[in-house]
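4 protein chains.
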Amino acid sequence: MKIHPPLYYGDYLQLPKILNAQAPESAKYGQEIHDETLFIVIHQTYELWFKQILHELDSIRQIMARPFVPSTDLYIINARLKRVTTIQQILIDQIQVMETMTTLDFMEFRDYLVPASGFQSLQFRLVEAALGIRPEHRMDIEKQFINSRLKPEDRKTLAQAENNTSIFDLLEDWLARMPFSQFEGYDFWGEYSLAVHKMLKQDYEIILNNPGLDEPLRAMELKNLETTRETFATLLNADKFAEQRAQGKIRLSQKAMLSAVFIFLYRDYPALQMPFEILSALVEVDEKFTTWRFRHALMVHRILGTKIGTGGSSGHEYLKLTTERNRAFLDLFNLATFLMPKSMAPALPGSIKDQLDIVYDAFQS
Amino acid sequence: MKIHPPLYYGDYLQLPKILNAQAPESAKYGQEIHDETLFIVIHQTYELWFKQILHELDSIRQIMARPFVPSTDLYIINARLKRVTTIQQILIDQIQVMETMTTLDFMEFRDYLVPASGFQSLQFRLVEAALGIRPEHRMDIEKQFINSRLKPEDRKTLAQAENNTSIFDLLEDWLARMPFSQFEGYDFWGEYSLAVHKMLKQDYEIILNNPGLDEPLRAMELKNLETTRETFATLLNADKFAEQRAQGKIRLSQKAMLSAVFIFLYRDYPALQMPFEILSALVEVDEKFTTWRFRHALMVHRILGTKIGTGGSSGHEYLKLTTERNRAFLDLFNLATFLMPKSMAPALPGSIKDQLDIVYDAFQS
Amino acid sequence: MKIHPPLYYGDYLQLPKILNAQAPESAKYGQEIHDETLFIVIHQTYELWFKQILHELDSIRQIMARPFVPSTDLYIINARLKRVTTIQQILIDQIQVMETMTTLDFMEFRDYLVPASGFQSLQFRLVEAALGIRPEHRMDIEKQFINSRLKPEDRKTLAQAENNTSIFDLLEDWLARMPFSQFEGYDFWGEYSLAVHKMLKQDYEIILNNPGLDEPLRAMELKNLETTRETFATLLNADKFAEQRAQGKIRLSQKAMLSAVFIFLYRDYPALQMPFEILSALVEVDEKFTTWRFRHALMVHRILGTKIGTGGSSGHEYLKLTTERNRAFLDLFNLATFLMPKSMAPALPGSIKDQLDIVYDAFQS
Amino acid sequence: MKIHPPLYYGDYLQLPKILNAQAPESAKYGQEIHDETLFIVIHQTYELWFKQILHELDSIRQIMARPFVPSTDLYIINARLKRVTTIQQILIDQIQVMETMTTLDFMEFRDYLVPASGFQSLQFRLVEAALGIRPEHRMDIEKQFINSRLKPEDRKTLAQAENNTSIFDLLEDWLARMPFSQFEGYDFWGEYSLAVHKMLKQDYEIILNNPGLDEPLRAMELKNLETTRETFATLLNADKFAEQRAQGKIRLSQKAMLSAVFIFLYRDYPALQMPFEILSALVEVDEKFTTWRFRHALMVHRILGTKIGTGGSSGHEYLKLTTERNRAFLDLFNLATFLMPKSMAPALPGSIKDQLDIVYDAFQS
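Chains as they are written, first to last, in my numbering: chain A, 71 to 435; chain B, 71 to 435; chain C, 71 to 435; chain D, 71 to 435.
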């Protein structure tokens, strides 16, 4: 470290820039409306957090883009994803601050803002792109909006970002590279298949013989069981899997999906602890953005009623529609479908266990 | 106060009962599963909070059921509704505790629980009933579920509760009793109508003359304006209002709705401060239950995947469907539609102002 | 509203300024440290929120500085204080984001920051000043720090702010102006005094005759009772009150304090509902800053251990010391001491009730 | 799984017991006070959560009590500690529900509760005991309180729990068993010592030559540096360490402490990832209870003023005093003191790295 002149808090944070960037439009029309400052400030904090999230996601992409991800880097990836979800919780909680602004307060200045809109946040689109959302995953109305309302230079920046390898792409690749879709000399997926079969057979008998079920309930349970059986069949059958994927019901490749299932089932082995944490954190990232969209839609509805937003957008209805879309890691979210109780999962042979474990001999007394 | 024997914390809280009410089913089948205790305990805390919410709502119903609600009681109603929303935030946040249980953990004991299900919570149904949800507001699948899965005595208790006057009913009555739909010698709603007309005309001219709008955007804005005009027309036209109400789009009577609009517009007068706080709190109660349902649906989806819940119910899909339903105060949530900037709202004549104000002469120096 | 050119989200929020204000020091010394960006961004969001809090507090000061505060403005004061406490909750929760940075991460760049420190936040000092903290309330070490480490221009800005009338001053004045320290023809405080006497006498008898108390407990209870008796005596005796105030144990004048007690006791009357909400909100503002300081001190301790902060300050020890200081409204926080069960408080005569009530005749059916 | 009769939600959760365990004392004296139910219910939820926390801590103690803790169990320990901290956040947030009860509300029934008090919660004491709090760590007033106010059978249960091996004991043992205090053929702590020396020397030169420091600041920085030097010396010198430990400034043994420092420095290696997560989680458990105590003390102060609590205890003053005490893992909280930037920590030789890593060859493409 070299000797440096003493640093001053305000200079370091560039506060003159940050704290002089609030220019209410209402003031320009003669009468500054008190609440417009809140509207500006809260959106600026959102943008600062989006910048931070992008900083984390970009660093994760760099780490994962290498041909080999060292085990020590898994710790870093996980820590940064956890930071992202911690920030997301603040994004959600902040909506309560916005809700201290009532309809009447907002109406006093909203006309000045037309057609500006939160939908024009470039950074939020870049976050989506970094995670793995591509134009084909968007609803038409959203695509159209992005094309017509973003400035040309922002559109260009977004298009470039969409050409970059996303975390979804890198994750898929990393999972597919893992050796869990087949093991030398051990047919894990055959064993898994037998375990599934046994579990479903047991379920069937319970349903059939349980005196506590009335007939309609029994029929429904049997139908559910049939659905479950088909779901499992899809996972292990390359053709069925490909078909589902072609229909857009699954995004991950079969190989990647199998690795993910394996990680979820044997997450307690040292070799899989961090991978499991990382997959769980990605699900959490998705879940938190989904919750944020939903809360945001509720808030817009409450403040604007059924009126149209400043961006001329269809407002809360649109927001509700995107709540369930725009999720890069939905396959991981759905993964529960392919799991079974630990006590029913195949016991791994010693040679595989050793590969997943660390010989902590030294730790013994 | 009479002299009483000293009280012991554990006896007062009846802890022997509370802390001996956790009997994991898994233990009865030979092997207690660690996480089942969490499943029991978290549901028990939910039920305790539901009991508390019912205690608050019932007391509010008693206060509002009197022919005249004294102004001092408005303070109490508001304080208790605020307590309900504070509890609801805990209900939402607690979902994060449930999410520390992963799919694999849950699968180890879920089969033992069939067909028990959170849908069988009688108290939650009683909360809905106290607020104003009636069978006709429920989706068919939900009605069917209640009829087939609740114990006969619980069904009976619920049916009785649905026959009681709800907070919705009492609120509607209270609002309709307010003298704001017409004032002696002052045609407020005529003035309001003129103000709406002026506001919409101004909007029209801005849209027409704004060089910043391209043609498709201008067309869309004009269409939006037309919708807004019709919405306002509905409020003031008894026939149109009745029609919308008959279609189930509005639940409140026109008289009650007008009072609510008046309160929202002039909430800063002492006579309307507490009424406004109360209406806002009811919207918040609805909004928080909606958020809770949504988060709950996400959590179920994450833990169960696309599988069927322990209650044989359609799980998270069902939960998502009810998220937007089962809201007693949606009309208040939509109220923003009928508001206008304070600066455009009719100025009240002195005689009405006096009625809404307190002569705080004494407060002056 | 005049016609204006269309507004673009990013321009409106001045995002080029906001998002280009992060210049990690570590990058200037050859190797950018990943986590330094978080350190910058989180402090920038804190400063944005401080700006917003100042915006609210300044507007409240303007309203209260008028010789007469209209009843409609009480609604606005309360709404803005509630906004402040909602923001404060975010300030507290955000500490969890900072805690995603571990000691090792921070150590990589902390040397570059010397002697910059969060203690140099001018805005935070301005918030304290707006609430009513003056140099004489600060610990010596804090005064010294402010004098030696703030830039001269920042020191000057702070000194000016400390010369302005604070919310504490305005509140004290407003409370003292209220007519509750004496009523024409009704000796309220005499009645209150009797009620206190009766309450304490009753307590005394209970303690004396309760067979459930063993002797040491009875002795302690009697001693506590004596303390309570003296506390009440202080409130009503001008000399004793003045003495306590001279010792710095109380900041409010006796007249203001009596009004506050009256408001707390009869908060359910329309005339006092908003004043009570406002007093409660001010207590909440204090409480939340206290909690924030405490959480902040814990976080600094955890990240830095017993080491010295970047500002050369005594770090978390200092933070802990200020936790309980720097509270403008501690008198209101302590107010519980002077209250009694509602059922024991003097019943107000009709003429006073009428003054506090709104004749809601019109509301009756 | 055997066939079982259908389970009903209310029976499974034993709701008749849970929901009939609220008997307000006030009702027994003629007039039920509305808010007493809240007081009962919130304490019951606290007790349910304490039961859950004990369930987690006891299971962790069982796992750690074995002579060898398999690496797969580290995952379980960590997951359960994370659950504990998630629950603790709810305990903290719930205080806001209690705060919806104002002083006046509480005063209406508090006399009925004498001398019951939250200090009598046996389960909370058992949680402290499970973590590692022993009578000698308690303040005299607390010990006295426990001895005089807990029922004999509760005192006995607590005494037994205090004789059990605590998580602190087990952790100390586990850390001491780790082979990081010395490595065969590699003098890690010698290298660490050199790194510390180099770091402090560099600091010294920066302080001496930095033109940005004025003389008082330079003097202070030099004094701080001296303190830091002594702190590091203590860690590596058995006699000095023993002396500090004898004085109660450190609780962990030197061997355990060295292992903890090693884990913190090289936490990114697979063998240390979970150990680091576990140590961090234990710090978090301590930090959250500390925050809870502090918030609780604030709340009691606010509701009771400077009066005496229902338990005849010294109330919030006492609570504040215990805030900083009763922390089992303060040594880990202070660990930051012994760390250095990763870039300055000794590079591990290949043979040790291999021991800490997993050969993820298979993961390579």
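Everything labelled a hint here was simulated from the structure, so no lab data went into it. Any given hint could be a false lead.
Straight-line C-alpha distance at most 25 Å; calculated DMTMM-like pairs for lysine to aspartate or glutamate [unchecked claim]:
1. C:K226 / D:D284
2. D:K412 / C:E300
3. C:K358 / D:D273
4. C:K152 / A:E169
Just so we're clear, the structure is a prediction, and the values are computed from it rather than from any experiment.
Now for the hints, and whether the structure bears them out:
1. At roughly 21 Å between alpha-carbon atoms, C:K226 and D:D284 fall within 25 Å of each other, so this suggested pair holds.
2. Taken as a hint, the D:K412 and C:E300 pair is broken in the structure, with Cα atoms around 60 Å apart against an allowance of 25 Å.
3. Taking the CA atoms of C:K358 and D:D273, the gap is about 38 Å. The hint is violated against a cut of 25 Å.
4. A distance of roughly 11 Å separates the Cα atoms of C:K152 and A:E169; the hinted pair therefore holds under the 25 Å criterion.
Hint compliance for this structure: hints 2, 3 are not met, and every other hint is.
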